[in-house]
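Engineer: Protein chains in written order, with the numbering used here: chain A, 1 to 502; chain B, 1 to 502.
No wet-lab data here; the hints were simulated from the structure. Values in this document were obtained by computation on a predicted structure and should not be read as measured data. Treat the hints with care, since some could be wrong.
What the hints assert, rightly or not - Calculated from the model, a selection of chain A residues having no Cβ within reach of chain B, i.e. all distances over 12 Å:
1) D65
2) R145
3) D231
4) G240
5) V244
6) S288
7) T479
What the hints assert, rightly or not - Among chain A residues calculated to face chain B with C-beta under 7 Å, some are:
8) I20
9) E29
10) G41
11) A48
12) A51
13) K54
14) R57
15) S226
16) G228
17) L232
18) I241
19) W315
20) E317
Stated by the list, open to error - Once the Cα atoms are required to be at most 20 Å apart in a straight line, the calculated EDC-like pairs of lysine to aspartate or glutamate come out as:
21) K54/B - E53/A
22) K49/A - D407/B
23) K135/B - E119/B
24) K122/A - D399/A
25) K49/B - E151/A
26) K124/B - D375/B
27) K124/A - E387/A
28) K54/B - E13/A
29) K373/A - E142/A
30) K49/B - E134/A
31) K396/A - D407/A
32) K108/A - E53/A
33) K124/A - D399/A
34) K124/A - E134/A
35) K108/A - E119/A
36) K54/A - E134/A
37) K396/A - D366/A
38) K135/A - D380/A
39) K49/A - E13/B
40) K49/B - E9/A
A virtual CB, placed ideally from N, CA and C, is assigned to each residue, including glycine.
There are 2 protein chains.
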Amino acid sequence: MKPYEQLIEHAREIATIQSIGSILGWDQETMMPDGGVAMRGHQLSYLAKTAHEKSIRPCIGQWLDACGTDSQLTADPQSVSATNLRELRHNYDRATRLPTQLVEELAKVTSTARHAWAEARKNKSFEQFKPHLEKIVTLLREKARCLTMPEHDEPWDALADGFERGLLARDVVAVFDPLRESLVDLLGRVRQAPQPEDRFNTVDVPGDQQLAFVRFVAERLGFDFSRGRLDLSTHPFCGGIPGVDVRMTTRHAANMMGDCLGSTMHETGHGLYNQGLPEQTLLEPAGSHAGLSIHESQSRLWENMIGRSRAFWTWAEPELKRIVPGRFDELTAQDFYVASNRVEPSLIRVEADELTYNLHIMIRFDLERAMLKGDLSVADLPGAWNERYRSDLGLKVPDDAVGCMQDIHWSMGSMGYFPTYTYGNLLAAQFFEKACRDIPDLSEQVATGLFTPLLSWLRANIHVHGARYRAAELCQRVTDQPLSAEPLLRHLESRLAPVYGL
Amino acid sequence: MKPYEQLIEHAREIATIQSIGSILGWDQETMMPDGGVAMRGHQLSYLAKTAHEKSIRPCIGQWLDACGTDSQLTADPQSVSATNLRELRHNYDRATRLPTQLVEELAKVTSTARHAWAEARKNKSFEQFKPHLEKIVTLLREKARCLTMPEHDEPWDALADGFERGLLARDVVAVFDPLRESLVDLLGRVRQAPQPEDRFNTVDVPGDQQLAFVRFVAERLGFDFSRGRLDLSTHPFCGGIPGVDVRMTTRHAANMMGDCLGSTMHETGHGLYNQGLPEQTLLEPAGSHAGLSIHESQSRLWENMIGRSRAFWTWAEPELKRIVPGRFDELTAQDFYVASNRVEPSLIRVEADELTYNLHIMIRFDLERAMLKGDLSVADLPGAWNERYRSDLGLKVPDDAVGCMQDIHWSMGSMGYFPTYTYGNLLAAQFFEKACRDIPDLSEQVATGLFTPLLSWLRANIHVHGARYRAAELCQRVTDQPLSAEPLLRHLESRLAPVYGL
């Protein structure tokens, strides 16, 4: 076999191990009985360890070097081979720049920290979590040091690169600063207007009826249930295997049907992207997704641009009344629209509305960046967190469980991740503006439950490329514009105007 | 690390890989969407290949040799270390006596044959399956040649050893010959008596009600749902991970509730055994089960000795009427008892009654043995099969789909397996006779839905030993008698007497 073929076979083996872990991970959250916890942890860490060992084998470096001299493979930089080589080189270089001891230490510390975090959150005691987070920050600073490249200005950059290739804090700041200003201004105007009533999320709906409706919606959006499933889990997610076996989950609570619908449409966005990735390169880096921001753009587009739109509710209102009979007889499409777009600053990121959500992200970005730089000590995190929630959202944080310990990310050692959520929102708005220009009657289609043209547009413009382009390049190619906060701001203005009479 | 510790760590690694495959296998049959078929095949064969490669590593032989000189490890032949070493030596010797080329050839041929078998069965065409079965028999004869030990008389012995340690055809013959005679005699008497009406399996019951009842029964028998699940699959099975995460399945069809109940109690028997295996040696050979015959004895004991008993139906009748209201109002406990014990020779093994089931097994044993010996050509299999169904069961076989192609086993290369089913029946009866002696009011307990004493007896006498004893030895130790056909015959006589007025 030629070096390129050996390289790809090896990459496919690692991806096979990861795909096995993905199914086990899904099972753990949806099906596994309590008794299986310890054994599942053992299985998953065995798979992770095996995949990691295989991903740092020196032969990979030799194959990559040999491929580097074969100009045919990279002649077309957008070819499958060029994409594969670029991704594999990046992953290998990052993996091998980390000393094994640091990798193992981080795995050990974060494994303990995740449990400590859950306990500490339950006990509302930051003191319990503090020593773990301190260790994590120390190790992450060391990790960042190992991974720093010439283009990086600060530790955050080196870590963010693992989630969103090439994302730099200075670029994030350049986007976030004007965005924050506009969002705060918009929020101020909203808060001066009377708050409309939520007539949707105040109605009790049995779980099986909620599920019947959201399953119907997911199918109508285009999710292929012969290549995927929708189940229940505490925290909704989308896992499984891209292309062939996509496992998404949702959740339901009696008087929170909007949450069940929103979660389902969000995960369906991820699921449609995963089902649309190029099948020819399944298990190869080129067939993978284009990074977390692009992935999130797909979930947000369906959850927000579609799921909270007036057009969607024109279609969904009678369908909801049909599948959940007798509970919403008094409500109009406008009532559902208003309920889906109420803005209300709140403490919890994952429950936030479309506007304030991004303010939550910006706080996390600023604080994790400061911790990594050494400008903020872990001991001072709660104070800094609470002050920002007061200044940015006008809220008093009653305890750290609903404050700086609400998210799992930092306990897992994931710093540099949060901004991809807001980048997802920005990209979703920018993609959607372009889709509306390319499909002039898109809104009328949605109002009649016709989602295929939009899905086809996303397939052709985004999904089909797999990992060929990264977020910034894909954004430029699809929308003819660099990433900008303007589309999201325009979207929010026009979305909230009819709700708050702006 | 000492050689013994290295050996056990290695064995645990292989068992970890197999436990991962077990969860994926369960998922494949219960949850996986159709789109996942090819990828799942790829994942499972990757895991199987990896486990096999690890199980033939020369270092295992070196560790085993080193352990052999440490008499402390084997001083007590029933200790965990002695059991582990005995099992690992046996597995290693068998695995390494097979040339890799033969292993790969068998994997390839049986993989193709399984598909060909399914197609041929659908088309009722033995001609389509014949070339595949011919290749399999040739390869199995070669496999048997590699595995033959001094104690083996014929190829069948070497293959059976892989399913039931030390099982020899001559011993099977010594048990089967008198058993056949007695069963045929009993069948003759039954067939002269009037056939009672089946008032149970003629009533349509919705699937969810069937499931609610059998789940209730499984729980009452003692299945711990915090360490296991019950789901649906086309063919019921019990998989998952012994001790901590046992996955059993059942099936339901409208007017076959007895099948759903019987399947569930059967798999619950396997499940209870798996949940009762010693937890301290999870993933070690010593903590595994004692072979297929013992495993089957546990499923048969709950399915047949309990599930078809008059005492069981005394308890179950009102419970069934409570959980499935309105459908069985006219029926008495006696009606359910009679319906559960009707004897009717039929073509399909898995649908057979408790008496004729063993005749199906004997036919398969004789024919696979003859094929392996070279006394029966594959081309002559359908003729031989049909003749035996005529002579032993008095049935005409209309086509090979319901004849010699009904079972999947041979297409998978499993010859030497079938007799473990009848051994399970024999052991179940022999164990149950002893349990009835040890627990004098067992029948009264069952009639009030009290199953804990029987389960405790099985746990203490059988489950807790794991792989410490093999079937023959365990039988002798538990019942003070060698394996014999008498208990099963006594059981059938007393079971059928009140139904057929014998």
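Engineer: Hints first: check each against the structure and report whether it holds.
Structural biologist: We went through each hint and held it up to the structure:
1. Residue placement check: D65/A keeps its beta carbon more than 12 Å from all beta carbons of chain B (closest about 27 Å).
2. At roughly 34 Å from the closest C-beta of chain B, the C-beta of R145/A stays outside 12 Å, upholding its exclusion from the interface.
3. Residue-level check failed: D231/A sits 8 Å from the nearest beta carbon of chain B, not beyond 12 Å.
4. Not every C-beta of chain B lies more than 12 Å from that of G240/A, the closest at about 8 Å, which undercuts listing it as non-interface.
5. A beta-carbon of chain B comes within 12 Å of the beta-carbon of V244/A; the shortest separation is about 5 Å.
6. The Cβ of S288/A sits about 15 Å from the closest Cβ of chain B, beyond the 12 Å cut-off, so the non-interface label holds.
7. At roughly 32 Å from the closest C-beta of chain B, the C-beta of T479/A stays outside 12 Å, upholding its exclusion from the interface.
8. Interface restraint check: I20/A against chain B, minimum CB-CB distance 5 Å, threshold 7 Å, status holds.
9. The closest approach between the C-beta of E29/A and any C-beta of chain B is roughly 13 Å, which is over the 7 Å cut-off, so the hint fails.
10. Here the hint on G41/A is broken, as its CB sits about 11 Å from the closest CB of chain B, past 7 Å.
11. Annotation: A48/A was flagged as interfacial toward chain B, and the flag is violated, the nearest CB pair being 12 Å apart, outside 7 Å.
12. Checking A51/A against chain B: minimum C-beta separation of about 12 Å lies over 7 Å; hint violated.
13. With 7 Å as the threshold, the beta carbon of K54/A stays out of range of chain B, its nearest partner Cβ sitting at about 11 Å, so the hint is violated.
14. At its closest, the beta carbon of R57/A sits 16 Å from a beta carbon of chain B; the interface hint therefore is violated under the 7 Å criterion.
15. Annotation: S226/A was flagged as interfacial toward chain B, and the flag holds, the nearest CB pair being 5 Å apart, inside 7 Å.
16. Because the closest C-beta pair between G228/A and chain B is about 6 Å apart, less than 7 Å, the hint holds.
17. With its C-beta approaching chain B no nearer than about 13 Å, L232/A sits outside the 7 Å limit, and its interface hint is violated.
18. Nearest Cβ of chain B to the Cβ of I241/A: about 6 Å, under the 7 Å cut. The hint holds.
19. At a threshold of 7 Å, the smallest CB-CB gap from W315/A to chain B is about 26 Å, leaving the interface hint violated.
20. Evaluation of the E317/A hint against chain B yields a violated restraint, the C-beta minimum of about 30 Å exceeding 7 Å.
21. Taken as a hint, the K54/B and E53/A pair is honoured in the structure, with Cα atoms around 16 Å apart against an allowance of 20 Å.
22. The straight-line distance between the Cα atoms of K49/A and D407/B is roughly 40 Å, outside the 20 Å bound, and the hint therefore fails.
23. Using a Cα cut-off of 20 Å, the hinted pair K135/B and E119/B holds, with the two alpha carbons roughly 17 Å apart.
24. At most 20 Å may separate the alpha-carbon atoms for a hinted pair to count; K122/A and D399/A meet this at roughly 11 Å.
25. For the hint pairing K49/B with E151/A, the CA-to-CA distance comes to about 44 Å; that exceeds 20 Å, so the pair is violated.
26. In summary, the hint linking K124/B to D375/B is not supported, as the alpha carbons are separated by about 25 Å, beyond the 20 Å threshold.
27. Straight-line distance between C-alpha atoms of K124/A and E387/A comes to about 18 Å, which keeps the hinted pair within the 20 Å bound.
28. For the hint linking K54/B to E13/A, the alpha-carbon distance of about 16 Å falls within 20 Å, and the restraint holds.
29. For the proposed pair K373/A and E142/A, the alpha carbon gap of about 11 Å is at most 20 Å, so the pair holds.
30. For the proposed pair K49/B and E134/A, the alpha carbon gap of about 43 Å is over 20 Å, so the pair is violated.
31. Proximity of K396/A to D407/A is assessed by CA-CA distance (about 18 Å); at most 20 Å being required, the pair is judged to hold.
32. Restraint check for K108/A and E53/A: the C-alpha separation of about 16 Å stays at or below 20 Å, so the hint holds.
33. Between K124/A and D399/A the alpha-carbon distance is near 6 Å, which keeps this suggested pair within the 20 Å criterion.
34. With a C-alpha separation of about 18 Å, the suggested pairing of K124/A with E134/A holds against the 20 Å cut-off.
35. Annotation: proposed proximity of K108/A to E119/A holds, straight-line Cα distance about 17 Å (limit 20 Å).
36. For the given pair, K54/A sits about 30 Å from E134/A by alpha-carbon distance, which is inconsistent with the 20 Å threshold.
37. With a C-alpha separation of about 19 Å, the suggested pairing of K396/A with D366/A holds against the 20 Å cut-off.
38. For the hint linking K135/A to D380/A, the alpha-carbon distance of about 15 Å falls within 20 Å, and the restraint holds.
39. Of the pairs offered as hints, the one joining K49/A and E13/B holds, with about 12 Å between alpha carbons and a cut-off of 20 Å not exceeded.
40. For the proposed pair K49/B and E9/A, the alpha carbon gap of about 15 Å is at most 20 Å, so the pair holds.
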